[in-house]
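Chemist: Chain by chain, the residues:
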Amino acid sequence: MRAPEQGTMRREGATEIDLLAADWLQRQQFWAWSEADQTALDTWLAESRAHRVAYWRQKAVWMNAQRLVALRPSNMPSGREANAKSTSLLSRLMTHPFRVAAAFAIVALAGGASAYFLSPLPDRVYATALGGHETVTFADGTRVELNTNTVLRAQMTNNRRVVWLDRGEAFFQVKHDPARPFTVIADGHRITDLGTKFDVRRDAGGLEVALLEGKVRLGSANNAAPSRQAMLAPGDVATVSGGAMSIQAEPIQSLTEELSWRRGVLVFKYRTLADVAAEFNRYNGKKIVIADAEADKLMIFGTFRTQDVDLFTRVTQKALGLTVRDEGNQILISR
Amino acid sequence: MGEIPESGRDDADLRFLGAGMTAPDLEAWFVREILPLEASLMQFLRHNWRDRSDIEDLRQEIYVRVCEAAEKERPKAARSFVFAIARNLLIDLVRKEQIVPIEAVTDLELLGIELDAPSPDRSAIAKDELRRLQNALDQLPPRHRQAVVLGRIEGLTGREIAARMGIAESTASDHLKLGMHALTDLYLRETADIRRRT
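Which chain is which? The protein sequence lines are A and B, in order.
All the letters of the first sequence, read from the start, carry residue numbers 1 to 335 under the numbering used here.
All the letters of the second sequence, read from the start, carry residue numbers 336 to 533 under the numbering used here.
Just so you know, the hints here were simulated from the structure itself, not pulled from any lab data.
DSS-like mimics (lysine-lysine), calculated; alpha carbons at most 27 Å apart, straight line:
1. A/K59 <-> B/K407
2. A/K269 <-> A/K197
3. B/K411 <-> A/K318
4. B/K411 <-> A/K59
Assemble the whole structure, with the sequences as input and the hints as a guide.
Modeler: Below, the structure written as structure tokens:
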């Protein structure tokens, strides 16, 4: 049946063999793979040089693709890893210079499941350390996911739900309830939910609100000075910086990528090295410093786990040919 | 475990010892030295062979011959070795199959393929590879591309890819197969800019 080892072309076409090789590879990589499967593959490979060469060729490119977008097949850290980290998270929280007044309850979030109430007062504080990522589910079913280095306070009463984003970033999936409006206050602005999923991020640059689904109203938090209000539609990204507000419509797809932190990954599509480094620095204590204005502009395309700085530096080293120096407290990248 | 005298080995053994290569070495060598030449090789074949439908088969036969030879003795200069084999194969075919002569097997120099081109520096290659990989990915048909992105970039399993795309597992498997196949061709054949510039 099979073409014999020796001889020339046109027994089994090259394209046919290439497709078979690709099929072997994808079966091996993505589906259940038994001893018997491996034996079958080995047999196929042993049949001819053409098979081996075709398989090597597919495999080489596939492996090379991994180098750039390298994220190993994984289930993102759900319960297991989060729980394993909870001790250190707690201790880091305690030593971290968070100015959490003793009057507040500190809710340390371990896998989103258990909460430790240190003091039973109305405002609850939820915080994540650098690199942290936690989910809180409120009694009303509203879910809030906290990204790295985030402090959030919540006040839930019978007639209103208010959350203050004191720093960092959070993604909200709000159970709408007209009798108890849900409001997020951040950086002097008020975001009022009208049944929705949205992300709020504050940093030195200002405030960013991205709406994935539903409707929210964004305006000043200062009731005395009713400033401009904006109604956001899905895909809208509102940026507030130094009092100026701008709204830009983005494809939902790109919003989903921006929100990839929820899955524990950072997705970059043609972002500059400078942007990527700044993004990583939000998650990790050891900061990446790019000591070269030219290198700053290099483009990155890939997906990384938020805390896999190591992989990122390997990629910059290997794919971009930059020099990476680990200086202990920071990582210096230059040409 | 005494010493085996060299003369005691038969030919079959020698193929994998001496100057030749073992299977894993051969694969590594093939990937490192030969695959990067694919864009040039395809260019050469297209210039020198009329029937486009033969090109893939020619390319594969060249790879097979290259590996067969390398099992015995590893060639010093991969590039000139590959093109010598390519040229010989075309000449053989013309003779054997009594095909009307192809427009002479053109001199490689005329194609701008330098046999002893200095290799560009590593970082330039790496950057170029990144660009080529992105381009290859961008050129895949949308469904194949999505399957490849979910599998390779986001690290999903086949089953998860099927669920995410809302398709049958057998369809996901097909998308992955075709996506991989196309990615390989596109990536290896995208002209390497830096080599031309150098």
